[in-house]
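So you can see what is in the structure, the chains are spelled out below.
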Amino acid sequence: MSFTFNPINEEKIKKLWGEYPKKESLTLPMLWMAQYQEGWITPEAIRTIAARLELSPSHLFGIATFYTMFRLSAVGTYHIELCQTLSCALCGKDALIEHLGKKWGIRPGETTEDGRFTLSLVECLGGCGGAPMLSLNETYHENVTPESLDALLEGLS
Amino acid sequence: MNNVTITVNAQTLSAPEGSILLQVLLDNGVSVPHFCYHEALGVDGNCRMCMVEIEGQKRPQIACNTRVKEGMSIRTLSDSIMAVKRSILELELINHPVDCPICDQAGECSLQNYYMEVGLYESRIDRADKVRKAKKVDLGSHVILDQERCVLCARCTRFTENIIGTGDLVIANRGNHACVTTFEPQGLKADGYAMNVVDLCPVGALTSGDFRFHQRVWFLKSDPSLCHGCARGCSIFIDHYPQKYGDDLIYRYRPRVEREVNGFFICDEGRLSYKNHTGDATLTTPRYSGTAITLSEALELYHQKLAASGSGVVALASPSLSCENLTALRDYCLQYAIPLFGVERGSFDETFGDDFLRLNDRAANRSALPLLGISEDESEMNAALCAASLVLNFDNQTPVSVDQIHFCVHPIDTRELQIPIAPYTEQSGSIINAFGKVQKFASTIRRRHPVPPLHELLSTIKGLA
Ligand code: SF4
Ligand code: SF4
Ligand code: FES
Ligand code: FES
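Heads up: the sequence lines are chains F and L, in that order. Heads up: the first sequence begins at -7 in our numbering, then just goes up one per residue. Heads up: the second sequence begins at 16 in our numbering, then just goes up one per residue.
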């Protein structure tokens, strides 16, 4: 499986290239671009970025695994990132996990068999006022209940 | 740098201003537990184990990241600093599996030593609650990782990143899940210097796939020696075990610090070359026509052949023989008017050298040849070999088409006469490296039926020829 940045990303890289004193500083932006482009950071993307920045692939891997928002395995078409931090924990995130478990038979970190949904637990997303909350493909949904979650998921193609 | 005076536990020390406090303390024999600092790798300040009390500073400081100043007063033994060290050690050990009985590092482990020095508390964590990680990861290049034993000091990753520059090793993930790993499976290569991380690792996390489980370290004896793998002549320790009812066997080589030559490290090929110099790898009895014979039978044959060849005898010396052996051989050849050459074909390996330690010249003592007046003239040697009827070959690998008598370390696949001589690992002597440095090596390893070094053998056959 080979990896190349698409023309839009290549354009962004070109713009950023001269903006930092060290090439190394492009590590995070390039990892983000790879993740948005492929859905996750593939081993080939790590090798490619490492070669471009003249870093070791192991070094890149260390950075990609340090930040939990980087994904090192594929996720489903719909990615539910459910907040597990204090406010959401107190206001009922467990009931949501349990609900999805019953509905799809998956636990946090797993993907449904048809590859449509992945459930991940994340730390505070700054939406505490609407706890419990989740982010569905990077759109926030607050004050979530099992019922409102069902309604939300119904609406998806 | 100016020298300044500091006080350590009421003892007065003098040290260069601005030098690393931890190093000064260690150099002066003051014990300060530490994991991440290593003289070859520099300051990293990540383990926090090296805490000391400095007069006038509110909180304990890490000695590795403190520079020496005039009049500093340091305490490493007060009750309060001992309590601090104990707490830090407890944290370091919180997820440690404490499987010392099955750990190869036991007996040479910083964690064990520090526990005896500053620890000695009852564990407050239940064994069942410890974080479990991989117990046996093959990182490549004979290096095996036990992630549970790792204290995350980053010595190994700093070695591949900063010393070798390949960056093969990395600490992945974070918090409880942090662990040393490689991106590619078995991705540790470090340009042929990988096994140094085993020596650097202060605990039993990185062990040598070649050595682990073969011998407990407290049974081993260490002799200071020199690797003969190339013309650098790196300083090594030969770790060996004198068996009660068998030969004294070598289990490993380890680097010995020699700033001018190899620093703190050796190459993997040199490290593993002990295998060629121990146990069954070397020739122990003379052989002729494919069968073992006694030394006196061999010497009788030697003299017969020598007498039969008259003036057609030529001698070849290995440029890896020690100065002592070469001197004895030169004198022997002079006495009996045998032309002697120190040229060895194939002893330059253009693929071996690099910009760190390894050199293309694979002979350990070539620099001694001109000093001892042993010829290195290849065309003269070729002419002499063409005219020769018998070649006395002293461990030289040059291919020769006339009848030979071999004085050799390793068994040779030939029906010709072979007389064993001791490898460098079983004798003492000196060699001169490519940069002209004269270095001595010493070994206490002796076989149950010792094989004599070349100079000893020559002194017994002298006069009979
Ligand atoms: S494996 Fe050893 S050297 Fe490497 S980080 Fe862990 S404890 Fe330190
Ligand atoms: S660099 Fe040469 S002398 Fe040093 S360990 Fe390697 S082979 Fe031996
Ligand atoms: S605790 Fe859930 S968004 Fe802050
Ligand atoms: S040795 Fe000083 S912090 Fe690790």
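Just so you know, these hints were derived from the structure itself, not from any lab. Where a beta carbon is used, it is the ideal one built from N, C-alpha and C, also for glycine. Wrong hints could be hidden among the right ones.
[Unchecked claim] Some chain L residues near chain F, calculated using beta-carbon distances under 8 Å:
| id | residue |
| --- | --- |
| 1 | Glu132 |
| 2 | Ile178 |
| 3 | Gly182 |
| 4 | Leu184 |
| 5 | Ile186 |
| 6 | Asn191 |
| 7 | Phe198 |
| 8 | Pro200 |
Here is how each hint holds up against the structure:
no., hint, verdict
1, Glu132, "violated, 32 Å"
2, Ile178, "violated, 13 Å"
3, Gly182, "holds, 3 Å"
4, Leu184, "holds, 6 Å"
5, Ile186, "holds, 6 Å"
6, Asn191, "violated, 13 Å"
7, Phe198, "holds, 4 Å"
8, Pro200, "violated, 11 Å"
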